[in-house]
Amino acid sequence: FSSIVFPSIIGLIASLGICLKPYFIAPVLMVELYFVLLRKQLLPLVSVETVACLLGALAYVLHFLFVPSAMRENYWHFVVPVFTLGYDFFNTSLSSMYSSPDKREVFFLMVSAGIAAIALRNRSSLLMPLLVFSLSANIPYLMQFKGWHYQDMPVYFSAFALAAMEIGWAVSASFAKLAPSPHVVQAKLAPYCLVFLVAIILVFDAFQDASNVRSVAQFDMSRIGYRGSSPWTDLREYGTKEELSRIELVVDCCKVGDHVLFISNGVEPAYPTMTQLRCIPGSRYPHTVLLSALQYIRDLPRTRSTIELADKFDRIIAQYGDDIARNRPRLIFLQKVPDYFEKPHRFVETYMQDYVELPGDYGNFRAFKAVSHGS
Numbered sequence: 001f002s003s004i005v006f007p008s009i010i011g012l013i014a015s016l017g018i019c020l021k022p023y024f025i026a027p028v029l030m031v032e033l034y035f036v037l038l039r040k041q042l043l044p045l046v047s048v049e050t051v052a053c054l055l056g057a058l059a060y061v062l063h064f065l066f067v068p069s070a071m072r073e074n075y076w077h078f079v080v081p082v083f084t085l086g087y088d089f090f091n092t093s094l095s096s097m098y099s100s101p102d103k104r105e106v107f108f109l110m111v112s113a114g115i116a117a118i119a120l121r122n123r124s125s126l127l128m129p130l131l132v133f134s135l136s137a138n139i140p141y142l143m144q145f146k147g148w149h150y151q152d153m154p155v156y157f158s159a160f161a162l163a164a165m166e167i168g169w170a171v172s173a174s175f176a177k178l179a180p181s182p183h184v185v186q187a188k189l190a191p192y193c194l195v196f197l198v199a200i201i202l203v204f205d206a207f208q209d210a211s212n213v214r215s216v217a218q219f220d221m222s223r224i225g226y227r228g229s230s231p232w233t234d235l236r237e238y239g240t241k242e243e244l245s246r247i248e249l250v251v252d253c254c255k256v257g258d259h260v261l262f263i264s265n266g267v268e269p270a271y272p273t274m275t276q277l278r279c280i281p282g283s284r285y286p287h288t289v290l291l292s293a294l295q296y297i298r299d300l301p302r303t304r305s306t307i308e309l310a311d312k313f314d315r316i317i318a319q320y321g322d323d324i325a326r327n328r329p330r331l332i333f334l335q336k337v338p339d340y341f342e343k344p345h346r347f348v349e350t351y352m353q354d355y356v357e358l359p360g361d362y363g364n365f366r367a368f369k370a371v372s373h374g375s
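If you use the numbering used here, the sequence shown corresponds to residues 1 to 375, in order.
Please note that a few of the clues may not be correct.
Unchecked claim - Pairs of lysine to aspartate or glutamate residues, derived as EDC-like cross-links and limited to a Cα-Cα distance of at most 20 Å, are as follows:
1) K369 / D354
2) K369 / D252
3) K369 / E357
4) K146 / D102
5) K336 / E243
6) K369 / E248
7) K21 / E32
8) K336 / D314
9) K336 / E268
10) K312 / E73
11) K336 / D361
12) K312 / D299
13) K336 / E242
14) K21 / E105
15) K312 / D88
16) K241 / E268
17) K255 / D234
18) K312 / D322
19) K369 / E342
20) K343 / D354
21) K343 / D314
22) K146 / E268
These are calculated hints, taken from the structure and not from any lab test.
Please construct the entire structure, taking both the sequences and the accompanying hints into account.
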């Protein structure tokens, strides 16, 4: 029974990762190709895990037959074509992808763990497949050419797995050297001492974290409908004063369940701020990523498909205006750059007559508050 259930679960989890982004199938295929070349036969490809993975992916594809027709139509005939043609808007440079300070540890770990894996390849049959996965995880990262954090997670994960196996081998080999020696009385106790030492470090770290939490400014959770307090730092992703000013404005002006609208072509700050402070998105569009892709499409050679998609740009602007009229957001944060709204469409004058702009530095945003907030 377990020989079917557990491999099936592994295969289904793999299908979730692949369906998340089609690019993520590359590392999986490379590992399977490694085993095919190693064993010189295709039969190992037919296993419970691979069948479960394929069935999971098939279920994902088939679920589109049962979603509302409007959703299916919008997804396949608008969202998918827009990002197929306009995804390159977010491209960055190779140096930005690999050598920026917040990326270096990912690839330093991959390289160092990979070198160690090659040296220790005869110690475990899992080292080389993991190395293949780690190296080929760069394929989806390079194919997308964005440098976003979630795209290097397969690299980081596999590099950590490699490093953990190598450290485990080193510890095991060290104890094996000590154990046969009659002069080392502590040899049998060494593994338990190591576990105890790790536990002490974890407990010390937990107490240190608790002390640090108590020493910083606290946010009263009753302001968002909970009990207790939380460090203000938990509400801030980057810790900038502009970010803090936005959060403080939402806390001061809004209550739980109020609509707040971030008109921004990024996931941050809308998702973290509104999720943590329990506000409701003020528009059907959580962000303006679609407009960024459409702006890129506008600059492409004019074909039937690019013209048809580019014409939807103004429709989205009007839909934002409709959402403001319907939802009456308590606060609106309007992105300054890139400006798809104000300069080309006079958005504030056209759709925000009942809003007053607030003074203050809110980073790349202008902040507006409703003059009279409806229910």
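Now the hints, each set against the structure:
no.: 1; hint: K369 / D354; verdict: holds (9 Å)
no.: 2; hint: K369 / D252; verdict: holds (11 Å)
no.: 3; hint: K369 / E357; verdict: holds (6 Å)
no.: 4; hint: K146 / D102; verdict: holds (14 Å)
no.: 5; hint: K336 / E243; verdict: holds (15 Å)
no.: 6; hint: K369 / E248; verdict: holds (14 Å)
no.: 7; hint: K21 / E32; verdict: holds (19 Å)
no.: 8; hint: K336 / D314; verdict: holds (18 Å)
no.: 9; hint: K336 / E268; verdict: holds (15 Å)
no.: 10; hint: K312 / E73; verdict: holds (15 Å)
no.: 11; hint: K336 / D361; verdict: holds (12 Å)
no.: 12; hint: K312 / D299; verdict: holds (14 Å)
no.: 13; hint: K336 / E242; verdict: holds (14 Å)
no.: 14; hint: K21 / E105; verdict: violated (24 Å)
no.: 15; hint: K312 / D88; verdict: holds (19 Å)
no.: 16; hint: K241 / E268; verdict: holds (15 Å)
no.: 17; hint: K255 / D234; verdict: holds (19 Å)
no.: 18; hint: K312 / D322; verdict: holds (15 Å)
no.: 19; hint: K369 / E342; verdict: holds (16 Å)
no.: 20; hint: K343 / D354; verdict: holds (19 Å)
no.: 21; hint: K343 / D314; verdict: holds (13 Å)
no.: 22; hint: K146 / E268; verdict: holds (16 Å)
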